[in-house]
Amino acid sequence: MRLKLIGTLAVAALLAGCANDHANTGAATGTGAAVQPSGPVPGSEADLVANVGDRVFFDLNQSGLTSDAKATLDKQADWLAKYPQVTVQIAGNCDDRGTEEYNLALGQRRANAAHDYLTAKGAAGSRMTTISYGKDRPTATGDGEDVWSQNRNAVTSVQ
Amino acid sequence: MGSTRDTYLSGRQLNALNEIFGAPGLGRRSLLGGGAVLGAGLAGGMIVTPSGAQAADAPAAEITVDQARTAPIPIVIPSFGPGVGEQITGVLTDDLSNTGLFKVIPSSANSGTPDFAPYKAMGARAAVTGTASGSGTVRVEFRLWDVLTGQQIQGTAYTTSAANWRRIAHIIGDVIYQRMLGEKGYFDTRIGLISRSGSIHAPRMRLAVMDQDGANYRVLSSSQTKLPSFNPVRDQIAFLSYATAVPRIYIFDLATGRQHILGDFNGVPLGPHYSPDGGTIIVPVARGSGSELYSVNIASGAKRQLTSSGGAINVSPSFSPDGSQIVFNSDRGGSPALYIMSASGGAARRLSYGSGNYGDSVWSPRGDLIGFTRIAGGQFSLGVMNPDGTGERIMTQGYTVESPTFCPNGRVLAFCRRTGGENGSARIHTIDITGFHEHAIATPEGASSPTWSPLNV
Chain A
1 MRLKLIGTLA
11 VAALLAGCAN
21 DHANTGAATG
31 TGAAVQPSGP
41 VPGSEADLVA
51 NVGDRVFFDL
61 NQSGLTSDAK
71 ATLDKQADWL
81 AKYPQVTVQI
91 AGNCDDRGTE
101 EYNLALGQRR
111 ANAAHDYLTA
121 KGAAGSRMTT
131 ISYGKDRPTA
141 TGDGEDVWSQ
151 NRNAVTSVQ
Chain B
1 MGSTRDTYLS
11 GRQLNALNEI
21 FGAPGLGRRS
31 LLGGGAVLGA
41 GLAGGMIVTP
51 SGAQAADAPA
61 AEITVDQART
71 APIPIVIPSF
81 GPGVGEQITG
91 VLTDDLSNTG
101 LFKVIPSSAN
111 SGTPDFAPYK
121 AMGARAAVTG
131 TASGSGTVRV
141 EFRLWDVLTG
151 QQIQGTAYTT
161 SAANWRRIAH
171 IIGDVIYQRM
181 LGEKGYFDTR
191 IGLISRSGSI
201 HAPRMRLAVM
211 DQDGANYRVL
221 SSSQTKLPSF
231 NPVRDQIAFL
241 SYATAVPRIY
251 IFDLATGRQH
261 ILGDFNGVPL
271 GPHYSPDGGT
281 IIVPVARGSG
291 SELYSVNIAS
301 GAKRQLTSSG
311 GAINVSPSFS
321 PDGSQIVFNS
331 DRGGSPALYI
341 MSASGGAARR
351 LSYGSGNYGD
361 SVWSPRGDLI
371 GFTRIAGGQF
381 SLGVMNPDGT
391 GERIMTQGYT
401 VESPTFCPNG
411 RVLAFCRRTG
421 GENGSARIHT
431 IDITGFHEHA
441 IATPEGASSP
451 TWSPLNV
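In the order they appear, the protein sequences are chains A and B.
Here the first sequence is numbered in UniProt numbering, starting from 1 and rising by one per residue.
Here the second sequence is numbered in UniProt numbering, starting from 1 and rising by one per residue.
Calculated from the structure, these hints are not laboratory results.
Positions of the beta carbon are idealized from the N, C-alpha and C atoms, including for glycine.
Any given hint could turn out to be false.
Not the full set, but computed from the structure, chain A residues with beta-carbon under 7 Å of chain B [to be verified]: (1) R97; (2) T99; (3) E101; (4) Y102; (5) R109; (6) G125; (7) M128; (8) R137; (9) D143.
Turn these sequences into a full structure, and let the hints guide you.
Right, dumping it as structure tokens:
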């Protein structure tokens, strides 16, 4: 599921790239064979997803950052430093093995954990907002730990 | 909201209510003795006939709810006539049957004094006669008879706009419920909920309300909403809105269609939870790693912090009916469990000790039980326990069964049942507190987060 999502975002980024090319070159004769960009626009959402990693994952009922999560957030902090004009939202999500309201609090706890780590790594708090969707924004659907582990995350997205 | 509001008002008003038929030998009486309340707070077009005090000589119900659970009460319900009469009979029959406490026997004799001999032979305990006449304005007459004594127990007539026929049916059902079982019914009530539509990966979640049987379903908000809570005394629903970047608590007034913000919090508010008198809302406010409970006086806006647990999550607060205590859900002990504390906050006592995680604490309006969700082994269970933590009993289980809410008399819980998977559904079900008679309420879209209204007034 996750691969599928990233694929969709990449296609969206390519389309956005095409549109920009037309605007920049003023191409009006429309051959329909515009030059494909070589990758996502630097500093864009697609760039974050493809080259940095937009999300970190959590263990069951946990909000502690794993070493993998910290490695991803380190890269996000570097990326934010490279593109100082970018503002982001960090959304905390949960698997569906908790109650609605508890998970809403747990998602906020996860978003705050990622936010606080990025702050400690130098990202200005004014560039980041947080939100919790509880269990209402599952990346993957179905049951079983393979699915649930993908849905316990904090997702950084460009605003 | 203009057109919705108009529809709503005309749907709620019972223009001109009730005359009382004196039952021979039983004196004037009406279970709508509280009928005067009908006019309270609703202006215009409302004619209320005070129906006199409830008869002091009203006999106590001979059948208890517990008796009826093991042996449903056979009751004869005839068609109230063609058209709206037939519709009223259908709704009344569904109301009574869905409780599991009544066994409805159809009949064709809908007026005059019934011939009781065949009813006795069938084992019927009670019989109803009734008629509905008129088109624009409908007059519904209803009598309840004791089959064993042949006496009329109740007689009432309702004159109302035909659009209100469903409500008349529910009110008659509540009269029968109370006469036969000795406690108030809950058919003339509504359930607030979240309507779910669109992709399961980012569903559209809007505030909605419906009658307790799923009729008159109506979406109230266009923006994202979560965790609604019905005011126990007023026609209002509080909810969490995601319309703005930072979620906020709104109070929606069902009579006017207007809504207002409950104020700002130093952190992110979660779900609102009303006190029994409707004057206070408790809100968990997330900040840092935890969420603490705050009580908000709705009139003054004054806030008071009730918990201070150093980064733990505290959610799902629910008052005892007398307003003196609060049960809530906290992970202060390591994993989510149920706790009880004074309504003024302070020290809390742990209530749940079973394996797995507990949540969704909700105190019955009767005071005798606390409903909850328990999650263990990847499965959800819906249960009740005594307020001292003893007597835990699981009523139903599933992939997800959550968000229990009691009906006003505490005999039935509504909850959300969800299935997993890409095409997973979310539906509101009801279940008797004994764990029997679970059934789904049909809704046009997915439905979650039920919150039961008080008895309609």
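Here is what the structure says about each hint:
1. The criterion of a C-beta within 7 Å of any C-beta in chain B is met by R97(A), whose closest approach is roughly 6 Å, and the hint holds.
2. The beta carbon of T99(A) is positioned within 7 Å of a beta carbon in chain B (closest approach about 4 Å), and the interface hint is therefore held.
3. Annotation: interface hint on E101(A) holds; nearest CB of chain B at approximately 4 Å, less than 7 Å.
4. Evaluation of the Y102(A) hint against chain B yields a held restraint, the C-beta minimum of about 5 Å falling below 7 Å.
5. Against a cut-off of 7 Å between C-beta atoms, the interface hint on R109(A) holds, since the closest Cβ of chain B lies about 5 Å away.
6. Annotation: interface hint on G125(A) violated; nearest CB of chain B at approximately 13 Å, more than 7 Å.
7. Checking M128(A) against chain B: minimum C-beta separation of about 12 Å lies over 7 Å; hint violated.
8. A hinted interface residue such as R137(A) counts as satisfied when its beta carbon comes closer than 7 Å to some beta carbon of chain B; here the least separation is about 6 Å, so the hint holds.
9. A hinted interface residue such as D143(A) counts as satisfied when its beta carbon comes closer than 7 Å to some beta carbon of chain B; here the least separation is about 4 Å, so the hint holds.
In summary, the numbered hints that this structure violates are 6, 7.
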